[in-house]
Amino acid sequence: MTSVGASAPLADAVVTEGVRKVFHGGLVAVDHLDLAIHRGEVFGLLGPNGSGKTTTIRMLCGLLTPTAGRASVVGHDVALEPELIRAKIGYMSQRYGLYDDLTVYENLRFYATVYGLHGKARTERLEKHMEEIGLTALRSQLAGTLSGGWKQRLALACATAHEPEMLFLDEPTAGVDPAARRAFWTSIYELAAHGTTILVTTHYMDEAERCQRLAFLSRGHLIGLGTVKEILEHFKQPTIEDVFIELQKRDEGAAA
Amino acid sequence: MSLVTQFRESRFWPMLWKEFIQMRRDRLTFLMMTGLPAVQLVLFGYAIQTDVRHLKTVVLDESRTAESRALVNVMVNTGSFDLVGAVSDRAQLRDAIESGVASAALVIPPDYERNIKRGRTAEAQIIVDAADPQSSSSAIAGAQLAALARGATIISERSRTAPPIDMRVRPWYNPEQRSAVFIVPGVIGILLTITMILITSTAIVRERERGTLEQLIVTPISKPSLMLGKLVPFVLVGYVQMTVVMGLGKLIFRIPTVGSFALLYLLTIPFIVASLGVGLLISTVARNQVQAMQFSFFFMLPNILLSGYIFPRVAMPLPAQWLGLLLPLTYYLNILRGILLKGVGIAQLWRPTLALSVFATLILLISVRRFSKTIE
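Residue numbers (this note's numbering), protein chains in the order written: chain A, 7 to 262; chain B, 3 to 378.
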């Protein structure tokens, strides 16, 4: 395991050791999770519904506290220094977290200001950001009137306006058309090329194959980890989709 | 860290900026904030008349004498009765009351004047439609008062002496005894309750429903800033509503405003904090906006009925009075009426102020704790 020290600059972006989350009522959502995500990596988290993907992301973002184990994000312990983590990460959920009654620019401005951008620096950053993502023409449109694809782009823009070191994407492409999905992944690779570490969950296997490394979760357990090639070789399957279905079958067999 | 940077770090301003933009765009909220004061004011100011006066009255005068006409005059002068006609027999009288033409009837028998002249007790009768006890009670009181007054005059004329007792009634603070004077200050309290509880709780629940609350928690915004940024705009709205209602109340209903405005605005703070606490508490219990509204109305109803807003608390059975003591509005109404109508100061108002402050502190502690838990 890599060192978890807050001062080590080259430490992995995410390190978890024996992380466990038990909800009220005794449901074990995540158990014995050991993960290391390298800096600048596009890392995919896969698994069927209820496998603990969202719970994992929510723990790493500080939305949930782990019941046991240790986790660090961008060099800070999630339990001890959550406020230091918050300033350095971006988070985009399935629900996008946009204000429908604010315009495109107002949404961006709000989140940028909340992340500590002010005055001229903020204006310049946002103008550049909108230009890159192609939102300039829509700046005065209310976010609620945007199409699904544009909403998704705006949500990504809001989550990245402060140039975070690490980006968490929880099923970011659920319910948008293929063209929007492709454009979205182009943006993700651009972000990664600039050094942003990205953790993404998805149900689309073509998207999973675009990730540099993958982790499979099943009923809260890590059951597979590696590059696409490693995973295909390890499970002796032709595609990631086959791996996914095979693992799910195995998992159901174990549960029965 | 200097205070300025610390404040900037807390991210309170962007939260406030965002809230005001949303408030301006949300037509329903905007309507509730501007239209509601006007509607409430006119509705409650005009419609609620707890003192029933000018009861429509018919007269069955079988005496037809100077004395009987004097009695009718005295009755009309009390202001409780409006003469709508004369009837010639009992059947017509019954008809008038049953059809609703009149709700009271004065019957003066043929021997009325004769009895007075002979020094005997003269009888007269007032028949009142008492199906609604509230409207009939003032008629009954008015009739008794008229009889006593007329009787005293007759005795003093007969004995050529001045009446032995002259009770002079002086109704302080509301000399014309208009209901609006009593009701309109209460409209301020009701409006603030609606704004602080209903609008606040639905606004917070909306953020949770939309997923924006979760998004905010992931940002560096501090929890106190998040809550304050959400609540402070509504405090400002509350003060604006209050000022509008007082202005309109003075203009339309000639509400006296004798006390110190500064003191009123100051003592409104614990009430606003208490109501915001209730709103915040509702937002932690309600799963969606509809539930938040239902909880809010559930809390509003006892406020309207038991606080003394419309119905006087002294007239309520004891358990209802005790329940009323659990409502912040009960105390705030004392403060509102005390300052606006009586012009009293903090020396007379420290009790309701203290009660409100205790309530505000408790409910805010509980709701902030619950709210912090729900966003973790």
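A portion of the hints provided could be inaccurate.
Claimed, not checked - With a straight-line Cα cutoff of 30 angstroms, these simulated DSSO-like cross-link-like pairs (lysine-lysine) come out:
no.: 1; chain 1: A; residue 1: LYS94; chain 2: B; residue 2: LYS375
no.: 2; chain 1: A; residue 1: LYS94; chain 2: B; residue 2: LYS225
no.: 3; chain 1: A; residue 1: LYS94; chain 2: A; residue 2: LYS134
no.: 4; chain 1: A; residue 1: LYS126; chain 2: B; residue 2: LYS252
no.: 5; chain 1: B; residue 1: LYS252; chain 2: B; residue 2: LYS344
no.: 6; chain 1: A; residue 1: LYS94; chain 2: A; residue 2: LYS126
no.: 7; chain 1: A; residue 1: LYS242; chain 2: A; residue 2: LYS255
no.: 8; chain 1: B; residue 1: LYS58; chain 2: B; residue 2: LYS225
no.: 9; chain 1: A; residue 1: LYS255; chain 2: A; residue 2: LYS235
Rather than coming from a laboratory, the hints here were simulated on the basis of the structure.
Now for the hints, and whether the structure bears them out:
1. A/LYS94 with B/LYS375: 24 angstroms, holds
2. A/LYS94 with B/LYS225: 18 angstroms, holds
3. A/LYS94 with A/LYS134: 20 angstroms, holds
4. A/LYS126 with B/LYS252: The given pair, whose Cα atoms are some 48 angstroms apart, is violated under the 30 angstroms limit.
5. B/LYS252 with B/LYS344: The hint holds at about 15 angstroms.
6. A/LYS94 with A/LYS126: Holds - the C-alpha atoms of A/LYS126 and A/LYS94 are around 21 angstroms apart, at most 30 angstroms.
7. A/LYS242 with A/LYS255: 15 angstroms, holds
8. B/LYS58 with B/LYS225: Cα-Cα ~62 angstroms, so violated.
9. A/LYS255 with A/LYS235: 21 angstroms, holds
Checked against the numbered hints above, the structure violates hints 4 and 8; every other hint is satisfied.
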